[in-house]
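If you count the sequence shown from 1, position 12 lands on 4 in the numbering used here, and the numbers rise without skipping.
Among the hints, erroneous ones may be present.
[As the list claims (entries may be wrong)] Ranges of calculated distance between the beta carbons of each label pair, as one might list FRET restraints:
no.	residue 1	residue 2	range
1	Ala56	Thr81	29 to 35 Å
2	Ala43	Gly75	27 to 33 Å
3	Ser91	Gly13	26 to 32 Å
4	Ser27	Phe73	17 to 23 Å
5	Asn39	Lys2	18 to 24 Å
6	Ala78	Gly13	25 to 31 Å
7	Lys87	Asp9	18 to 24 Å
8	Lys24	Lys2	27 to 33 Å
9	Ser27	Ala56	30 to 36 Å
10	Gly28	Ala56	18 to 24 Å
11	Gly64	Glu32	29 to 35 Å
12	Ser40	Gly89	27 to 33 Å
13	Gly90	Asn39	15 to 21 Å
[Stated by the list, open to error] Heads up, simulated BS3-like pairs for lysine-lysine below, C-alpha to C-alpha not over 25 Å straight-line:
no.	residue 1	residue 2
14	Lys24	Lys(-1)
15	Lys87	Lys(-1)
16	Lys2	Lys87
17	Lys3	Lys24
18	Lys87	Lys24
19	Lys24	Lys2
20	Lys87	Lys3
No lab work stands behind these hints, which were simulated from the structure alone. Predicted model only: the values in this text are computed from it and were never measured. Note that beta-carbon positions come from the ideal geometry of N, C-alpha and C, so glycine has one too.
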Amino acid sequence: MPAIDSKDVKKIVVACDAGMGSSVMLASQLRKALSGLAVEVSHTPVNSIPADADVIVCHSGLAARARAAAPGTPLVPFQVFIGDPAVNTLIATMKSGGSIDA
């Protein structure tokens, strides 16, 4: 299971089916929540995850495709776009330190 220490995360990629609506919304929320940290947050279609992604965030229904597109990269799957516990845990870990396992 891939893992990365939060202090080593430089780029979080939010992946969705087309890389538009839902990923843009969640990427914006993450950018705001992680402001002040030296972390880039971007969004992309799940089949186009960039090689420099340190952590991928995507809906659980797309998790298998995300893992296939970026094997070895920690993946945070979520169920709902606002207030999901997995996303909240990622934010808390990024702010307080620790390992992101997925």
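The hints, checked one at a time:
1. Ala56 / Thr81: 29 to 35 Å: violated, 21 Å
2. Ala43 / Gly75: 27 to 33 Å: At 31 Å between Cβs, range holds.
3. Ser91 / Gly13: 26 to 32 Å: holds, 31 Å
4. Ser27 / Phe73: 17 to 23 Å: holds, 19 Å
5. Asn39 / Lys2: 18 to 24 Å: holds, 22 Å
6. Ala78 / Gly13: 25 to 31 Å: violated, 20 Å
7. Lys87 / Asp9: 18 to 24 Å: violated, 29 Å
8. Lys24 / Lys2: 27 to 33 Å: Violated - the Cβ-Cβ distance for Lys24 and Lys2, about 18 Å, lies outside 27 to 33 Å.
9. Ser27 / Ala56: 30 to 36 Å: At 32 Å between Cβs, range holds.
10. Gly28 / Ala56: 18 to 24 Å: violated, 34 Å
11. Gly64 / Glu32: 29 to 35 Å: Between Gly64 and Glu32, where Cβ atoms are some 19 Å apart, the hint is violated.
12. Ser40 / Gly89: 27 to 33 Å: About 30 Å separates the Cβ atoms of Ser40 and Gly89, which means 27 to 33 Å holds.
13. Gly90 / Asn39: 15 to 21 Å: With Cβ atoms ~30 Å apart, the hint is violated.
14. Lys24 / Lys(-1): holds, 18 Å
15. Lys87 / Lys(-1): holds, 9 Å
16. Lys2 / Lys87: Judged against 25 Å, a Cα distance of about 13 Å means the pair holds.
17. Lys3 / Lys24: Cα-Cα ~14 Å, so holds.
18. Lys87 / Lys24: holds, 12 Å
19. Lys24 / Lys2: holds, 15 Å
20. Lys87 / Lys3: holds, 14 Å
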